[in-house]
Amino acid sequence: MLTFPNKFKESLEDFTKFSENLKKGVENLVSLDELSAGFDDGRESCGSCKNCRKCCTEKELVFRDGKRTLYRYSQRSKKVCSVPVLMVYAMVNRYTMLDLQPNRSMIRNLLDQGQDLYLIDWGYTDRMDRFMTMEDYIDGFINDCVDFIREQHQIEAINLLGVCQGGTFSAIYAALYPEKVKNFIPIVTPIDFDPKDSLLNVWASEFDADLMVDAYGNVPGDMMNNAYMMLQPFTLSVNKYVNMVQIMEDADKLADFLRMEAWIFDSPDQPGETLRQFLKDLYQGNKLVKGEFILGGRKVNLKNITMPVLNIYADFDTLVPPASSKALLGHIGSSDTQELTYPVGHIGMFVSGKTQKTLAPKIAEWINARI
Amino acid sequence: MRGGSMHDFIKQQTDWLKTWQESQESLTKQYAGLSEEWTKNILGGKKKEPDFFEGWFKSQGDLEEQFREFGQRMNEMISNVWSNKIPTDMLKYMNTSFIEEYYKNWLSNIELPGGIKNPLGMDGGWQQTTNFLRSYLEKENPFFSSFSNAKITEQMSRLFGMLQGTLGNEGTAFSDITRNYQNMFSKLFDSTTAQSSEKLAEGFDVWVKEIGKQLSAPKLGINRELAHDISQALVLSQDYAKTYVKMTRLVESTSRKAGIRFQTKLSEAAINKKPVNKFADFCALWAAENEAVFLEVMSTQEFAKLQGDYVDAGHRLKIQWNKLAEKALEPTPIALKRDLDLAIAEIHQMKRDLRTFRREMQAVQKEVLLARGAQAAAEEDAEKAKLAVKTAEAAAQEELQKAKALVKAAEVAAREELKKAKEAVQAAELAALDEAKKAKAAEAAVLEMAQRVTADTKTVKTAPRTTTKTKSKNV
Chain A
276 MLTFPNKFKE SLEDFTKFSE NLKKGVENLV SLDELSAGFD DGRESCGSCK NCRKCCTEKE
336 LVFRDGKRTL YRYSQRSKKV CSVPVLMVYA MVNRYTMLDL QPNRSMIRNL LDQGQDLYLI
396 DWGYTDRMDR FMTMEDYIDG FINDCVDFIR EQHQIEAINL LGVCQGGTFS AIYAALYPEK
456 VKNFIPIVTP IDFDPKDSLL NVWASEFDAD LMVDAYGNVP GDMMNNAYMM LQPFTLSVNK
516 YVNMVQIMED ADKLADFLRM EAWIFDSPDQ PGETLRQFLK DLYQGNKLVK GEFILGGRKV
576 NLKNITMPVL NIYADFDTLV PPASSKALLG HIGSSDTQEL TYPVGHIGMF VSGKTQKTLA
636 PKIAEWINAR I
Chain B
47 MRGGSMHDFI KQQTDWLKTW QESQESLTKQ YAGLSEEWTK NILGGKKKEP DFFEGWFKSQ
107 GDLEEQFREF GQRMNEMISN VWSNKIPTDM LKYMNTSFIE EYYKNWLSNI ELPGGIKNPL
167 GMDGGWQQTT NFLRSYLEKE NPFFSSFSNA KITEQMSRLF GMLQGTLGNE GTAFSDITRN
227 YQNMFSKLFD STTAQSSEKL AEGFDVWVKE IGKQLSAPKL GINRELAHDI SQALVLSQDY
287 AKTYVKMTRL VESTSRKAGI RFQTKLSEAA INKKPVNKFA DFCALWAAEN EAVFLEVMST
347 QEFAKLQGDY VDAGHRLKIQ WNKLAEKALE PTPIALKRDL DLAIAEIHQM KRDLRTFRRE
407 MQAVQKEVLL ARGAQAAAEE DAEKAKLAVK TAEAAAQEEL QKAKALVKAA EVAAREELKK
467 AKEAVQAAEL AALDEAKKAK AAEAAVLEMA QRVTADTKTV KTAPRTTTKT KSKNV
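Sequences listed follow chains A and B, in order. For what it's worth, our numbering labels the leading residue of the first sequence as 276, then goes sequentially. For what it's worth, our numbering labels the leading residue of the second sequence as 47, then goes sequentially.
One should not assume that every hint holds.
Stated by the list, open to error - Reference excerpt, derived from the structure (chain A facing chain B, CB under 7 angstroms, subset only):
| # | residue |
| --- | --- |
| 1 | Glu285 |
| 2 | Phe293 |
| 3 | Asp485 |
| 4 | Ala490 |
| 5 | Pro508 |
| 6 | Leu511 |
| 7 | Asn514 |
| 8 | Leu570 |
In case anyone wonders, no lab produced these hints; they're calculated from the structure. In this text, all values refer to a predicted model and were calculated from it rather than measured experimentally. Note that beta-carbon positions come from the ideal geometry of N, C-alpha and C, so glycine has one too.
If we strip away everything but chain A, and leave its shape as in the complex, we get (with noise of 0.2 angstroms):
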């Protein structure tokens, strides 16, 4: 039993414990750079992201429309799979969660995989892209990198892998243009936003999205961010820093930690005109799932999805809910379906140690059998 000289004796083991593991935190962290949070390995950067930390996988720029562009992934495995894989990332953020280290790799892994991957970067949003609407982004470019990649590979269609909203803008695609989608594999993408499960959904029923994008112009991408740290305020603002400190003398686990602090802050700013569409139509009106979403002046009809689907989400996801993402198979004309989940959140879908061995072997498999 603790006597109160006893905990007061461990209480002040732990104050020193972590006194030492700040100050050799501190240590770390100042000679720690943005750039050596990155792969120092001798690969000149794409410079694609600010403060560019080198994606850990190589790629090359294959086709660019403006400041998008379309990445392909150098091959890792000696089978490569025939028909290519297009991902289409969200535009809130940076695809470079994807491929965010060695060991936390989603794009690593598929290549390992024998798949052949393209990659949509979006770029960063300014003041040129302020009427650019979710029209010219699907029926623009991911229409055009697809066209592109068919003609290549001088195939019919491609696989279509969408990630978040990037999956959300994959399943309009794949309802608008089915003959050139072979498979869809949508991950943590929300289809329906009605649930009252996410306080985003909640947030978003009540404020006027035409006045913050008069307001703004392009929405600022730390305003979203905010959006986000509230839906988890004291872990996200306090609680993570003050585990941080238990780790900061881990060189190595210090700089896992400012990579991902790194992608966390480096939001683009959100196109007006497609944010305004996303929020009014999704969001608000939840007109995917009615069968009233419009785009370019062509309704969007979720039962053109004939092609199979592997529906991915994560059971503990406060940004986009497992019941927005699953709703997607009953609004579908497929009959080849299938759901996979893992217990983690949003974002450890792509970076947690559960999912780093299995997903990518998982979809893998899933495309090779319908080849």
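Fit chain B to the given chain A structure using the hints.
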């Protein structure tokens, strides 16, 4: 330039500008001094309760202060942006404090009942004006006299003071505005008596409602549109502050609730002999308990509505400030947001058109490729056909030649045959003639024989005559 250089001209203009600015500053100071005096009266132990008009004029002074700060910020911004790009002298011409000046002039020149002008103290001081207005409204316009009571200013002073205690000092653009209110509150609030947040909000609501009416009143004169925009910015800033107060109240009450819950949990842990004596555990518990309480509140539709109101009010205010900022920048060579937006929209449309054309062109190119393929195939077929025709022609020619040769040969043969035939005929004719000759000769011989026979008959009557005649017919 006659009588001096460009430098002299600029100096002359600069001097004039300096004089003008000094006079404006003097006016501002004069007004600020009056406000200060008034504030001292309130805070200086006299405990005189300000009435509505005093409050109203004071609020105008604070509004003016806001405009002045706005103008300064704009000047600083322009200076920062353009100082290394255009001559310094030129910068001096860019007076963006016109909004402040405009509003002051508007107030100074407003025609008031009874012929009183310049309520800001130019003609006889503001106190006289205030007294007159109070008297005018009480006597001549009882409807408005209801505003002229001590209650509003009392509530205002309490409200300002309480805000002083509850608002933080974040360095955001919006809290800058709020801070102006704080300053105003702090000057007006003459005690530190804490009141409930409820009272704070109520008081603020009343104040905003009343001051909003004043600010939203129709404007007159050539610059009425600008006056309206400026007033609107202030109304919207009050709306924003109102929602900010509500949000602050909610955060405050939720924090209190979370704090109590955290303390309870700490105590429970201690009672259960599992004291939280590690720093990380302490923080984790603090974060977890706070988060649980806050998320419970934040997941409600009521919170979403309040947050929506707060965010919307902020956005409305920002839009209005943007509008005023553009007005301030209009006389400068700086491109305005609306100009850029127009250009960007044009470029964007052109890019879209370009994409459409590119796609159409690609489709056409594909068609052209297909057509070219078809054309090449057709040309190849044509070539083959030509070759076939040529071959056929050659064959036909050869056949013709052969035929001709055959015809010729046939002709020759025919001629030969004809010749032969002719010769045969001729021979036959000759033969026939010969035969005829022979026949004639035979006939002649017969005749001769007959004549001989006749002669013989005559001579010898023994020969039968019938037989001879028959033979003669057969010949």
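So, going through the hints one by one against the coordinates:
{"no.": "1", "hint": "Glu285", "in the structure": "holds, 6 angstroms"}
{"no.": "2", "hint": "Phe293", "in the structure": "holds, 5 angstroms"}
{"no.": "3", "hint": "Asp485", "in the structure": "violated, 9 angstroms"}
{"no.": "4", "hint": "Ala490", "in the structure": "holds, 4 angstroms"}
{"no.": "5", "hint": "Pro508", "in the structure": "holds, 6 angstroms"}
{"no.": "6", "hint": "Leu511", "in the structure": "violated, 9 angstroms"}
{"no.": "7", "hint": "Asn514", "in the structure": "holds, 4 angstroms"}
{"no.": "8", "hint": "Leu570", "in the structure": "violated, 14 angstroms"}
Consistency note: the structure conflicts with the earlier hints numbered 3, 6 and 8.
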